[in-house]
Amino acid sequence: MNWITNYVRPRINSIFSRREVPDNLWSKCDECGTMLFHRELTENLNVCTNCGHHMHITPRARFQALFDGGVFAEIAVPDPITDPLHFRDQKKYPDRMKAAQKSTGEHEAMLIGAGEISQTPIIAIAQDFSFMGGSMGMYVGNAIIAAAEEAIKLKRPLVLFSAAGGARMQEGILSLMQMPRTTVAVQMLKEAGLPYIVVLTHPTTGGVTASYAMLGDVHIAEPNALICFAGPRVIEQTIGETLPEGFQRAEYLLDHGMLDRVTKRTEMKAELVTILRMLMGMPPAISGVLPAPEARSAEEESEAEAEGGAAQAAPSSDKPAEAPAGAKESTQTGKSGK
Amino acid sequence: MTNYLDFEKPLAEIEGKAEELRALARANDEMDIEAEAAALDKKAADMLVDLYKSLTPWRKCQVARHPARPHCKDYIEALFTEYTPLAGDRNFADDHAVMGGLARLGDRPVMVIGHEKGHDTKSRIERNFGMARPEGYRKAVRLMELAHKFGLPVVTLVDTAGAYPGKGAEERGQSEAIARATEKCLQIGVPLVSVIIGEGGSGGAVAFATANRVAMLEHSIYSVISPEGCASILWKDGGKMREAAEALRLTAQDLQKLGVADRVITEPLGGAHRDREAAMASVATTIESLLSELDGKSPQKLIEDRRRKFLDIGAKGLAA
Ligand SMILES: [Zn+2]
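From first to last, the protein sequence lines are chains A and B.
Residue numbers 1374 to 1711, in the working numbering, belong to the letters of the first sequence in order.
Residue numbers 4 to 323, in the working numbering, belong to the letters of the second sequence in order.
Treat the hints as calculated values from the structure; they're not laboratory data.
Source: prediction; values computed, not measured.
Every residue gets a Cβ at the ideal spot worked out from N, C-alpha and C, and that includes glycine.
Be careful, since some hints might not be right.
Among chain B residues calculated to face chain A with C-beta under 8 Å, some are [to be verified]:
| no. | residue |
| --- | --- |
| 1 | Phe132 |
| 2 | Glu173 |
| 3 | Ile181 |
| 4 | Tyr225 |
| 5 | Leu253 |
| 6 | Gln259 |
| 7 | Val263 |
| 8 | Asp265 |
| 9 | Arg266 |
| 10 | Thr269 |
| 11 | Leu272 |
| 12 | Ala281 |
| 13 | Ala284 |
| 14 | Ser285 |
| 15 | Gln303 |
| 16 | Arg310 |
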């Protein structure tokens, strides 16, 4: 089957959802302290132009840079039940959720995009460290299952960008159960013979590393990303071992055989394209900046919108979402989470 | 000598008094204390019932970690015959925190795998307090593959505070080892039954407990993080472990409601350590019953059911 027949239509709104960034804003590099123009930093994917330090990037910004023309279709994720344990620490879990939603403008800690990278159709899924530390709860589990199902349906590779402090404690054992649940998703992809590439970004720790983030066909990390099961502080506190320079950083893991590659964010797209096209038996990519895949006619767009689609999954968009054709089906995937 | 937990202090006092009286009577023939001692016994027995009637989640954590609680090695020795340990991950080492090997449960040959915490200083150090390194998980993977190849059911006994947080463990891929063990649990076409006998600590437990059937002892716990760890992160105060234990819903009873535990195995009054033989016998009965539920299922069906079971977890929360 030709992939075009199954193609999930891109949602154009992703171009407009980019927050307006005033030209005169400066940011300071966390690492070298250099003052950087905000725009310059954004154009360089939040990588310091002075020292090369990789700063946090949101899934949406990453996808806009990753997909051809910045266009991707957002795949809906089945919402799990809210606050299953009625969890309360110093704050109530629902209040923490609301605060995270407000500060990030996102619904949850995972974003799924379908689109093309150098005309290579893929499904990408990215974890949002700014949303409660990217923590893996039922939503994140549902998202990985939905992304795997979408990839299988469309016969596309899945590229996962991990970033999380670990499991979401406020969901207790149900967050822990995302380790086996996401492992099932990875197995489904493998059985379908589709590539599963994990891009480990700073930080990827705890139960996330000990499940889907370490089960990729290929593991690529961003430079200096912290990747571990037990964090350095935990090790120092419980064991009292002194840890060597660079311990648990991407380059250290590369040396210890846990990763295939360490690749700069600015070179990640080209590398993913090269690897995926070989794994998928496709000819080499055409080099250069590629335009967005062509949108279909306006009538079709409004038809798709009327069906419901995945519009609710894009809280930060300031334009009405044009629902992708595949969105209705995709809202029914991963039904196990309901 | 009984090893009392802090909340058992009043009980310890009464039982201590009764013992003291009897010791006095033994030294002095003229004293008749039996009535008084019997009254104290009665008081202690009532108090034990009372204390264990509704243990708080934190007290359950304490019971689950009780040093005299039967451990993996005890279960293997008491319940299985012809236990033949199989060692090593064929890569680096043999991890003594993980026991495993061929054994018979009744007549049935099985592969038994579990975390062993040790029972005294020497064995605790040797067993690394039940905290496995990557080699332990890789040994488990190897044994699960062997069981799969020869059609033997796998029984896992889970009792760990968590995977070992150490420099070497991290360097040798603790995360990958846990992920692969969980993956292997999901791949084997033989029945996989898991019993949480004490502590089910986070990913280190999941790696063994991604099973067709999960049973938990009445006072065992299974959690994403220890109450102490959770308290220090969310309450910024490690001393708030009681609150954290409450909030995490880590008891066997809550986990059954959440669909994570399929069975809760009743413990002897006062916890498994007060009557180890009875506790272990109940576990044997449960394992046999769970294995018989899985008898006759095809390898494909066992794999599918296991996947479905985990995909479906989370469909319901706790009632308000
Ligand atoms: Zn810099």
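The hints, checked one at a time:
no. : hint   : in the structure
1   : Phe132 : 11 Å, violated
2   : Glu173 : 6 Å, holds
3   : Ile181 : 4 Å, holds
4   : Tyr225 : 6 Å, holds
5   : Leu253 : 7 Å, holds
6   : Gln259 : 11 Å, violated
7   : Val263 : 5 Å, holds
8   : Asp265 : 14 Å, violated
9   : Arg266 : 16 Å, violated
10  : Thr269 : 21 Å, violated
11  : Leu272 : 27 Å, violated
12  : Ala281 : 28 Å, violated
13  : Ala284 : 28 Å, violated
14  : Ser285 : 23 Å, violated
15  : Gln303 : 12 Å, violated
16  : Arg310 : 5 Å, holds
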